[in-house]
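Dock chain P against chain A, hints included.
Okay, here's what each chain looks like letter by letter:
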Amino acid sequence: MALRIVVVGGGAAGIGAAGTAHQLDPDASVTVYTEFEDVGYSPCGIPYVHGKEIPKFENLFLQDKAFYKKMGLDIHYETRVNSFDLEDAKVCVEGEGDVAYDKLVIATGFNYKDPGVPGTDLEGLYYVKNIRRAMEWDKVLDSVKKAVVVEASPLGLEMVTALAHRGIETHLVDPHPWALAEVGDPDIMKPVMDSWTEMGVISHYNTKVEAFLGEGKVRAVQTNNGELEADLVVICTHKTPNNKLAREAGLDIGSTGGIIVDQRMATSKPGVFAAGDCNELPHGITQIPIQGLSGSHAYAQGKVAGNSATGGSRIYQPVYVPWGMVAGKWMIGGVSFGETLATALGIPFVLGVAQGISRARYYPDMKPVRVKLLAEPGSLKLIGAQMVGGEGIKERADFLAVAVKTGVTLHDLAWMENVYSPPIGALNEPIAMAAQNGLANAKS
Amino acid sequence: MAFFEWVRTNSEHYLMEASQREMAKKYMGTEPPVVGATVKDIFFRRLFVPIYRLLPYRLTKLVMMAMPGSHHKDWGSRKL
Chain A
1 MALRIVVVGG GAAGIGAAGT AHQLDPDASV TVYTEFEDVG YSPCGIPYVH GKEIPKFENL
61 FLQDKAFYKK MGLDIHYETR VNSFDLEDAK VCVEGEGDVA YDKLVIATGF NYKDPGVPGT
121 DLEGLYYVKN IRRAMEWDKV LDSVKKAVVV EASPLGLEMV TALAHRGIET HLVDPHPWAL
181 AEVGDPDIMK PVMDSWTEMG VISHYNTKVE AFLGEGKVRA VQTNNGELEA DLVVICTHKT
241 PNNKLAREAG LDIGSTGGII VDQRMATSKP GVFAAGDCNE LPHGITQIPI QGLSGSHAYA
301 QGKVAGNSAT GGSRIYQPVY VPWGMVAGKW MIGGVSFGET LATALGIPFV LGVAQGISRA
361 RYYPDMKPVR VKLLAEPGSL KLIGAQMVGG EGIKERADFL AVAVKTGVTL HDLAWMENVY
421 SPPIGALNEP IAMAAQNGLA NAKS
Chain P
1 MAFFEWVRTN SEHYLMEASQ REMAKKYMGT EPPVVGATVK DIFFRRLFVP IYRLLPYRLT
61 KLVMMAMPGS HHKDWGSRKL
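Line by line, the protein sequences are chains A and P.
Start counting the first sequence at 1; every next residue gets the next number (the working numbering).
Start counting the second sequence at 1; every next residue gets the next number (the working numbering).
Derived from the structure by calculation, the hints contain no laboratory data.
Honestly, I wouldn't trust all of these hints.
[What the hints assert, rightly or not] Below, a list of computed lysine to aspartate or glutamate pairs in the EDC-like style, where the Cα atoms sit at most 16 Å apart:
(1) P:Lys73 with A:Asp74
(2) A:Lys269 with P:Asp74
(3) A:Lys208 with A:Asp114
(4) P:Lys40 with P:Glu12
(5) A:Lys269 with A:Asp27
(6) A:Lys69 with A:Asp138
(7) A:Lys52 with A:Glu136
(8) A:Lys113 with P:Glu5
(9) A:Lys405 with A:Asp365
(10) A:Lys113 with A:Glu182
(11) A:Lys52 with A:Asp142
(12) P:Lys73 with A:Asp252
(13) A:Lys129 with A:Glu78
(14) A:Lys70 with A:Asp27
(15) P:Lys26 with A:Asp187
(16) A:Lys244 with P:Glu5
(17) A:Lys129 with A:Asp38
(18) A:Lys269 with A:Asp85
(19) A:Lys239 with P:Glu5
(20) A:Lys269 with A:Asp38
(21) A:Lys217 with A:Asp231
(22) A:Lys56 with A:Asp138
(23) P:Lys25 with A:Asp187
(24) A:Lys329 with A:Asp365
Extracted from the complex, chain A is given alone in its bound form (with noise of 0.2 Å):
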């Protein structure tokens, strides 16, 4: 009898995990349920739909359903999984009952913390996350003169520059001192801010939303330092893992709130796996479980479970998580901590900080590059990174998230080999002059 494999979730990582699956069993019966109408397509494109930097959502899709069906996948589109049955094994899926697996992945994903005030339920309130929701916001968008931003998350970095852009005057409300305050330091985040107040954007840091206003439509905002008018409020508040069924079938929970898996994305019930955003990660350096990262991490993950699922022996590995972005009129990125957050975690560090170029000086379009590690006292091992720059951002955390990995210290990394090009890259490169500005700070 062919192998019974359910997915809950077409987000990355469901999608992941059931093309996994097909792919490596392809006798295997692979079902994914998914409460939305689509499936195999970025959602992290959204923002720069609205903001015109892409024309239109359709380039958004990888593929079509017809893919989808051709390759073998049974996707249920638009049908909500209401339970798990773990003992029994099956998931009850509305409209179709009871149904059966053999193994099963939740790539459930994540829901938007409640901004927990007053007012959710009026309209104009967009939480970005569903393509068909986003296609109906951008047209709304169109009429708005108006908008304010809840919270400067990575996100609302990307919504804010996208509504400036598009020239709607945007307001920010953040409860921070600084854009990003969870993620990026004040002096990473600084070229950023400006970047805004260049592009129109208000910002209220320190600022925490009181309640949504309005009747029946949201009107305003009320924040504990006064109200402001919008048209249009998105919220972009923490991503919390969307557990609710594995909660209710007894599945074990992290401290993060995210599903408790291992090195195979195995929960803790045999034949259940778990990938994206509704689990939690040990990180590299600190191993403290951590959730709610990229897309590229969901997508790795679910790629594992549905290799378990078909009983194959590939391993995910604890994350060191580089990021990056564009934000305001900047590219900002990192790998594993920064300053803030190893200060609050107690970690000591050595600290090493350089202001450098993208390219060779008089190349046109040079940009500034500003790199900032951290490396542990003593053995002067890399354990973060952050930078900010006009371009080469990117590849700098990729390579400084192999760094952390695999223990290059500040002394590797200030007499590194870089590529010199006028076009590409400057004589000094700006990661060797922070390593070696570390190893100064190290000495002293």
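For chain P alone, kept in the frame of chain A given last:
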């Protein structure tokens, strides 16, 4: 929310708040206002954070590692 989730959520929040104040002072030259004065605010700001910061990281990490989570599962050999 389970007990360990509550502990982690709150300890993270107040430790980050204290760190952000320190970073704001260092890099921005200003200290953000302290908002809220509930019993929970007072406990975490006046007791938990100062005590946590007095303890060495290896000790606080031991406590964090004792909490339930994926790190107790098999993740193969890890770099420390």
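Status of each hint after checking the structure:
1. Distance restraint check for Lys73 of chain P and Asp74 of chain A: the Cα-Cα separation of roughly 32 Å exceeds the 16 Å cut-off, and the hinted pair is therefore not satisfied.
2. For the hint pairing Lys269 of chain A with Asp74 of chain P, the CA-to-CA distance comes to about 14 Å; that is within 16 Å, so the pair holds.
3. The suggested pairing of Lys208 of chain A with Asp114 of chain A holds, with an alpha-carbon distance near 14 Å, which does not exceed 16 Å.
4. Proposed proximity of Lys40 of chain P and Glu12 of chain P is supported: the alpha carbons are some 13 Å apart, at most 16 Å.
5. Using a Cα cut-off of 16 Å, the hinted pair Lys269 of chain A and Asp27 of chain A is violated, with the two alpha carbons roughly 24 Å apart.
6. For the given pair, Lys69 of chain A sits about 29 Å from Asp138 of chain A by alpha-carbon distance, which is inconsistent with the 16 Å threshold.
7. Note on Lys52 of chain A and Glu136 of chain A: the hinted pairing holds, with a Cα-Cα distance of about 15 Å set against a maximum of 16 Å.
8. Among the hinted pairs, Lys113 of chain A with Glu5 of chain P is consistent with the structure: their alpha-carbon atoms are about 14 Å apart, no more than 16 Å.
9. Distance restraint check for Lys405 of chain A and Asp365 of chain A: the Cα-Cα separation of roughly 33 Å exceeds the 16 Å cut-off, and the hinted pair is therefore not satisfied.
10. The straight-line distance between the Cα atoms of Lys113 of chain A and Glu182 of chain A is roughly 15 Å, inside the 16 Å bound, and the hint therefore holds.
11. Between Lys52 of chain A and Asp142 of chain A, the direct Cα distance comes to roughly 11 Å. Compliance with the 16 Å bound is thereby established for this hinted pair.
12. Taking the CA atoms of Lys73 of chain P and Asp252 of chain A, the gap is about 11 Å. The hint holds against a cut of 16 Å.
13. For a cut-off of 16 Å, the pair hint linking Lys129 of chain A to Glu78 of chain A stands: about 15 Å separates their Cα positions.
14. About 14 Å separates the Cα atoms of Lys70 of chain A and Asp27 of chain A, which keeps this hinted pair within 16 Å; it holds.
15. Between the alpha carbons of Lys26 of chain P and Asp187 of chain A the distance comes to roughly 9 Å, so the proposed pair stays at or under 16 Å and holds.
16. A distance of roughly 15 Å separates the Cα atoms of Lys244 of chain A and Glu5 of chain P; the hinted pair therefore holds under the 16 Å criterion.
17. Proposed proximity of Lys129 of chain A and Asp38 of chain A is supported: the alpha carbons are some 12 Å apart, at most 16 Å.
18. Only pairs whose Cα atoms come within 16 Å are accepted, and Lys269 of chain A paired with Asp85 of chain A is accepted, the gap being roughly 11 Å.
19. Between Lys239 of chain A and Glu5 of chain P, the direct Cα distance comes to roughly 15 Å. Compliance with the 16 Å bound is thereby established for this hinted pair.
20. As the CA atoms of Lys269 of chain A and Asp38 of chain A are separated by approximately 29 Å, the hinted pair breaks the 16 Å bound.
21. Restraint check for Lys217 of chain A and Asp231 of chain A: satisfied, since their Cα atoms lie roughly 9 Å apart, inside the 16 Å limit.
22. Between Lys56 of chain A and Asp138 of chain A, the direct Cα distance comes to roughly 10 Å. Compliance with the 16 Å bound is thereby established for this hinted pair.
23. Proposed proximity of Lys25 of chain P and Asp187 of chain A is supported: the alpha carbons are some 11 Å apart, at most 16 Å.
24. With a C-alpha separation of about 13 Å, the suggested pair Lys329 of chain A and Asp365 of chain A falls inside the 16 Å cut-off, and the hint holds.
In summary, the structure is inconsistent with hints 1, 5, 6, 9, 20 from the numbered list given earlier, while agreeing with the others.
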